[in-house]
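Novice: Going left to right, the sequence shown walks through residues 1 to 439 as full-length UniProt numbering numbers them.
No lab work stands behind these hints: they were computed from the structure. Just so we're clear, the structure is a prediction, and the values are computed from it rather than from any experiment. Cβ coordinates follow ideal geometry from the N, Cα and C atoms, glycine included. Any given hint could turn out to be false.
[As the list claims (entries may be wrong)] Across the chosen pairs, the derived CB separations fall in these ranges: (1) 291 x 250: 21 to 29 Å; (2) 332 x 95: 29 to 37 Å; (3) 85 x 220: 22 to 30 Å; (4) 153 x 115: 48 to 56 Å; (5) 332 x 85: 13 to 21 Å; (6) 336 x 181: 49 to 57 Å; (7) 184 x 256: 50 to 58 Å; (8) 189 x 407: 46 to 54 Å; (9) 35 x 428: 14 to 22 Å; (10) 381 x 75: 37 to 45 Å; (11) 407 x 230: 33 to 41 Å.
[Stated by the list, open to error] Straight line, CA to CA, 30 Å or less: simulated DSS-like cross-link-like pairs of lysine-lysine: (12) 51 x 195; (13) 255 x 267; (14) 3 x 51; (15) 267 x 3; (16) 255 x 3.
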Amino acid sequence: MTKMHLMWFSAFSPHAGFGMDGWAGPQTGRGYDWTQPELWQDMAVALERAKFDVIMLGDSLAVPGTYQGRMDAYLRYAEHAPFHDPSPLVAIMAAATRRIGLAATLSTTFYPPFLLARLMTTLDHLSRGRMAWNVVTSYKVEEALNFGYQELLDHDQRYDRADEYMALCEQLWSSWASDAVVMDTDTNTFADPDKVRPIDFQGDYYRSRGPLNATPSPQGRPVIIQAGTSERGQDFAATHAEAIIVARETPEEMKQFYDQFKTRVRKFGRAPEACKIFFLAKPIIADTDEEAQQRANALYAHAPVEAGLAALSTMIQTDLSAYDLDQPLPASLQQQAIQGIRSQLDRFYGSGQAPTLREIATRKVSLDSAPFVGGPERVADELARTMEAVGGDGFAIRQGMWPGYVNPFVEQVIPLLQQRGVVRTEYTGTMLRDHLQEF
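Work out the full structure, taking the sequences as your base and the hints as a guide.
Specialist: Laid out in structure tokens, this is it:
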């Protein structure tokens, strides 16, 4: 059987399940304070016990206002807002764990490269080499407005600038030789000056003198994660990323993407195994298959239509409040969607399924994750069979960091996957890059 890597994909947010299963969902439980460290540390320890590769935290830098031209629905349902900064949280989770990787999302559009390179180096030190950076270029105009810009660069230009951003960060991370810090008390020398150099970077978008004023971290640079699925985004990932997150629903679609993207990585002069592919999955687990389906139905019933419309309005960048809920999404709007869900919309409507706007808004039709619904045996079997059909590399479990989601997967599904030999039973390395390159 093909072994699989595992990521838990959440966010420092009350809607950390990304929609129907957020702060008020029937699975979250009550009484948990998502703003406090104890919940996150406890869940990180549980996921480390299950030998996950990494926990990744998404982020956003604005309260949207696309739906009805107001922020009301987003705030009422905690939909796409609020988000707290993931960077301090990964440091807090690092203090409670020893092996599991930790990833924070940071935008190349809004964070100065020097500050980001320094932050990632610091976090890699604090985590003893377990840090990853989820690179995003941002797509919400509200984020641009928060930083004093009237608009964003166009899609491909944001990636052009991100390429230069990555080149600058790489030079900053390399501005200290790996053996520059000597800490020689006999000569009172902390660092060898000959092994630390300015970089004098001059680009089309950025300039930086350097060097970085932080010492080399255990990994040297963070693991790079990316989720771009447009042609330009895939080229960016094939060039820079060590892991990519992708939404595909069926094993056939996953296999097609897997083969195509590995070929793309090779085209950019890298070994195919240098970049792992994590397919988004949203397991719904109960003691029996029937109970799991009932739980899924309860989640759909719980999802407010308006919350789903607000989320979809943001992802399509169009106010959907005036559209007929019981009609398919107009074809013209499908092409305005962010790339991460456009391919799923194309698949639905291209195959003649034509789900209605209401079905999409209530999450009865998944645009961002493959559903795995059933008892522990069924979910474990389907995950294992899917990965065998695809040929690698793993799944990003897109759920909230709530005990109602983490514990069933860790306590009921992981042991079955371990018995099948498809996930690790122990870590063989100490750093995140070790975990990703283990198999």
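Novice: Has the hinted range 14 to 22 Å been met by the Cβ atoms of residue 35 and residue 428?
Specialist: Because 35 Å falls outside the window, the suggested range is violated.
Novice: Given the range 33 to 41 Å, decide if the beta-carbon distance of residue 407 to residue 230 lies inside it.
Specialist: Once the Cβ atoms are compared, 36 Å apart, the range 33 to 41 Å for residue 230 and residue 407 holds.
Novice: Given the hint of 13 to 21 Å, check if residue 332 and residue 85 actually sit that far apart at their C-beta atoms.
Specialist: violated (37 Å)
Novice: Is 29 to 37 Å respected by the C-beta to C-beta distance linking residue 332 and residue 95?
Specialist: violated (50 Å)
Novice: Indicate whether the distance between the beta carbons of residue 184 and residue 256 respects the range 50 to 58 Å.
Specialist: Given range 50 to 58 Å: holds, Cβ gap about 56 Å.
Novice: Would the pair residue 51 and residue 195 pass a check requiring their Cα atoms to be no farther apart than 30 Å?
Specialist: violated (37 Å)
Novice: Using the Cβ atoms, figure out if residue 336 sits within 49 to 57 Å of residue 181.
Specialist: With Cβ atoms ~50 Å apart, the hint holds.
Novice: Holds or violated: 37 to 45 Å for the Cβ distance of residue 381 and residue 75?
Specialist: The hinted range 37 to 45 Å holds for residue 381 and residue 75, with Cβ atoms some 41 Å apart.
Novice: Between the alpha carbons of residue 267 and residue 3, is the straight-line distance 30 Å or under?
Specialist: With Cα atoms ~25 Å apart, residue 267 and residue 3 stay inside 30 Å; holds.
Novice: For the pair supplied as a hint, residue 255 and residue 267, confirm whether the alpha-carbon distance does not exceed 30 Å.
Specialist: holds (18 Å)
Novice: Is the hinted range of 21 to 29 Å satisfied by the C-beta distance from residue 291 to residue 250?
Specialist: holds (25 Å)
Novice: Do residue 153 and residue 115 keep their Cβ atoms within the hinted range of 48 to 56 Å?
Specialist: This hint is violated: roughly 20 Å between Cβ atoms.
In this structure, the earlier hints numbered 2, 4, 5, 9 and 12 are contradicted, and the remaining ones agree with it.
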